[in-house]
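*Asks:* Quick note, the sequences are listed as chains A and B, same order.
Position 86 (the first sequence) corresponds to 77 in the numbering used here; numbering is contiguous.
In the numbering used here, each residue's number is its place in the second sequence (first place is 1) plus 147.
No incorrect hints appear here.
One-sided and incomplete, this derived list gives chain A residues near chain B with beta-carbon spacing under 8 Å: (1) Ser88; (2) Ala131; (3) Cys132; (4) Pro133; (5) Ile154; (6) Lys169; (7) Ala302; (8) Thr304.
Since the hints were made in silico from the structure, they are not lab data.
It should be emphasised that the depicted structure is a prediction, and the values quoted were computed from it without experimental measurement.
All residues carry an ideal CB built from backbone N, CA and C; glycine is no exception.
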Amino acid sequence: MKQPSHPHTEPEAGSQGRRNFLKRLLAGGAAAAAAVAPEVVCARDTLQRPPEALGLLYDATLCVGCQACVAACKQANANPAEFTAVDKLWDTPLDTSGHTFNLIKMYRNGTMENKDAEQNGFAFMKTSCMHCADPSCVSACPVSAMTKNPLTGIVGYDPDICIGCRYCVAACPFGIPKYQYDSPTGQIGKCELCRHRHKDGHYSACAEVCPTGATLFGRSEDLLAEAKRRLALKPGEWTTMPRGRLPAKGETPEQAAQWKGPLNQDYQAQAGAYLQHVYGEKEYGGTQVLKLSAVNFQKVGMPDLPPKSSAATSETIQHTLYGGLIMPVAVLAGLTWVARRNVVAEAGEEQDKQGEA
Amino acid sequence: MSAHHPAVPVGGKLLNTATAVCGVLIMAMLAVLLVRFIFGLGAVTNLNDGYPWGIWVIFDVIIGSAFACGGFSVAMLVYIFNRGEYHPLVRPALLASLFGYTLAGVGVIFDLGRWWNFWHIFWPGYANPNSVMFEVAVCISAYITVMWIEFSPVFLEKWGLTVQKKKLEKVLFFFIALGTLLPMMHQSSLGTMLVVMGPQVNPLWQTPVVPLLYLLSAITVGYGIVLFESCVASAAYRREIEMHLLQPMAKIMLGVLGLFLAVRLGDLVVRGALGHAFAASLEAFFFWLELFCFVLPYLLIGSAAARRNPARLFLAGIALMCGAMLMRVNGFLIGYDTGLGVDHGWHYFPSIAEMLVTIGMFSVEVLAYIIITRRFPVLPREEAAAAH
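Bound conformation, chain A alone (with noise of 0.2 Å):
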């Protein structure tokens, strides 16, 4: 390493100046290698729900397929109708788009005969956002447009901040932020469990106008222990259901009071025969909207994620690289001693030359 090479002078590059040129490029190569390779010393654990998260229960077998959810969930963010069908009377979304955030939709099989049943049955599943612990938009956000609220965990959306470059969307394993491609300023859409309306004292639309309370808004915590409950009844046991809001646990009047809406909408139903999976307890570190369903989550439209987040994964990587710029910083110093060493000897050469000329 002490002694440059001098290709101008052995223009084939001796055996010296090959076996120079090889301790570079392995020194090189290791330098390369020790700024990319991801080590543990930094791992960034993958989030969890804060102790208040907010979040819904989607109980699919209570779910009728109304879709009063979906057309609160359109009034509530004032979104307009969107047609596929040939006379534009009703909307039908087929999917949520940037207009529609929240969504009912139907696995169906064979002669559809029962519901809840995954051989010649039918069943139905709410698509909308599942406000992670570690959300993945969160993460992938340039810009911070997409926030996650430290108390109540929700994921906000400022579309002021954005730049509409849709790595959010990209980055999504539900496929939930989706963008208006309709529009010159498009922006994008996603469900918010309706923080804007909390500060009137209405929760999330969908949960409230859900008349099985298939669809139950509560804190995460309280909700994941209601979801325990109904796993451990027996199937076709009736039981109280409770519809709306759920209230938290030990709650006082006065936290009551901070909803509006009926304080008690309970009514008898039956159990359904779940899967014994409370869908968003463990995927991606947990989500704050829990489910519960008689089919197969992934026929229904659920991805079958890790407990570990990607966030985490790519935090990881991304903080052990550039973690306090001490990796670039020392890579650059090295280059910098080098680079110099190797220009102002270029620069001497030269000198050598004109000298010789």
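Chain A is fixed; fit chain B onto it per the hints.
*Replies:* Same frame as chain A, but now just chain B:
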């Protein structure tokens, strides 16, 4: 950027068939962009929420910047590994890189849905350092600036600003170092952008070592591009090919390529993802096509004798460009699937209008390259007549 291999303007007319064709294609692009900015992305592109990124991102920016790594790869060879003999290649390579990157930066604006907010990415309070895209954006912007500084001696030389040129040359080593570091950072991060997409990306391309793969392939394709450009430039300008430089450089290229292939295949084996390559799927087909392109240079220029053939060097350069391009298309488009196609799957194939913009951007690059090499001292002086 010393002048011991004096670079001179090529000279000649600026208006010819090539520049006229470029001009027409650029006009077509501008027409499409007018519609895009008035009516929105949906009016001209086939983008959708299953494929929010199309060729404007994957070709114009991700592949475009990888293809613009010639300047970085050659400068690293010359200034970091002190291989001064490759100096004549620096200026032309740097020029191509300069345009590739500058246009990638401009091209991003076309794709941004809310482009008037783009400055937020650099603004404290808005900028999100957790975002891989933030790192890419900052790094690429910095690199574009650094490259213009690295290249500015060409303009200073042309305009006879020798004092300024001398001053700049005293500190140029720092910009050269910075110009080596920045591409290492963002070329690797362009790959890291896939990581947050998680299981939506096929395991053949979703790996924690993706930054290393993207970096190594960018360095390799940087040399591939130099092979390609040198051959095209000498054919178009009827100049002698710098075979005495391209031959040994091609050998170095094969070395880096070997390292890349070792990491690529080793990673697939270690993660147990190789099985996906034997599935009867489009993804598997494109994986093998990509791998074939990366192996092809060994078949073409594996021996010293083969490397003496300029046509083979040219083809090897093209093979590497195809490999690097496929790796990026495969990761971001072909191997990307939201997996939520229960009711209806998502499809994407670029519209004619989208292609016109990509072609138009390429035309801007070619046109600017022709104008600058004809009027500014970029290409080395033709040696054939002078030396022997």
